[in-house]
Amino acid sequence: MSDDTRVVVVDDDADFRLLMRVQLDLVDGLTVVGVAGDGIEAVEVVRRERPDAVVMDLLMPKMNGFEAIQSIRESDPGIGIVAYTAVAGNYAREQTAAMGVELVLKSGDPTDLVEAIARSREAAT
Amino acid sequence: MQAPEDGPAPSHAAPDPVIDAEVARQLAELDAIRRRVLNVVGHALRTPMATLRGLVEVLGSEPDQPTLDQVVPALVRTTRRLERLLDDVLVASEVTTRLPTAAPSPVRVADVVRKVWSELAEPAELVVEGDAATQAFVGADGLRWMLWHLLDNAATYGQGPVTVALGAEEGGSVVRISSGGPELDPDDLARAFELFYRGEVAVISSASGMGVGLPVVRRLAEHAGGSVCLRARDGGGVTAILRLPRVAGATTGSGGNGGAG
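As you go down the protein sequences, you meet chains D and Y in turn.
Numbering of the first sequence is given in numbering that gives the first Met the number 0, commencing with residue 0 and proceeding in unit increments.
Numbering of the second sequence is given in numbering that gives the first Met the number 0, commencing with residue 0 and proceeding in unit increments.
Just so you know, these hints were derived from the structure itself, not from any lab.
These numbers were taken from a predicted model, which means no experiment stands behind them.
Incorrect hints may have been included.
Unchecked claim - Output of the computed footprint for chain Y on chain D, the stretches with three or more beta carbons under 8 Å from beta carbons of chain Y:
id: 1; segment: 11-18
id: 2; segment: 21-35
id: 3; segment: 43-54
id: 4; segment: 72-78
Glycine included, C-beta positions come from ideal geometry on N, C-alpha and C.
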């Protein structure tokens, strides 16, 4: 069985989701095991896949990332979570800090995200 | 030109603290609007820009064919989206230089609906009902643009299938685009056509998007001699009603006021 970090990617933008899946699958030690397009779907996919880490967009229709993070935290605090967002005002910074979730700004370069995924696993274990 | 040295002293009105306070208030308001607009536009551009950069870098890494088959269409969609975002901002801001230019002609609406639907990144189930032969007398580019926003909104924020009902009323063509969802606050419906309305809540709530789609549709509909409005559906969800001229020289009358109605 692989020792890869199993990651679920959540973003309401289908093409950005595709990009993250492709980019993260190219990183040694990471495997994307599921994707979701909103918070409701994220909670379902996480429950089904039991990943090691979740990359969570914050502003999404139906259920936003803040609510989804709370739900996942309550059901499985051992899962690492990284908030990945296009822009972060004071509210997003304060909320994620209060939840103990690292916030990373979206970029076409996944380096910062990959490092944050590793830290999120350490923080969650 | 030299100022006279001996002329009467220029008159300066005495400072009026009430006017000064009002000017200061208006400047602060304008500054808040400027920041809000930049924040919303910046947010809307950030994800497609990041997607574009990332996908180009994936292309440069010589991916396998299955990856290539996914990345290239995503690249095309993303560049189109960036173009559309720019045009949306211009048109919604009442800049006329990007208004559609295609000459009005009879266009079969159902064909455009299906074409636009096929271009969405994640189309749900589409049901087209009513008179499939319904035509509108409009520029094809403007109709595509309007339908893209209305269908994308329905697919993104609605639940279940999206229904497009076509027909003719009061001499015009009517396109009703409906999707299910939660009960909507009438105030939200009324404000949906306000430019950057979503911007106020997008920063802290579940709303993504820039908040220019419906203002753009309204402007394009009026440019085409038509109108657009929203109606809450019984049991939840919303219907967007687009009224368009059916024949040359016609307008659709007052059909909608651009608000919740």
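To see whether the hints hold, each was checked on the structure:
no.	hint	in the structure
1	11-18	holds (count 7)
2	21-35	holds (count 3)
3	43-54	violated (count 0)
4	72-78	violated (count 0)
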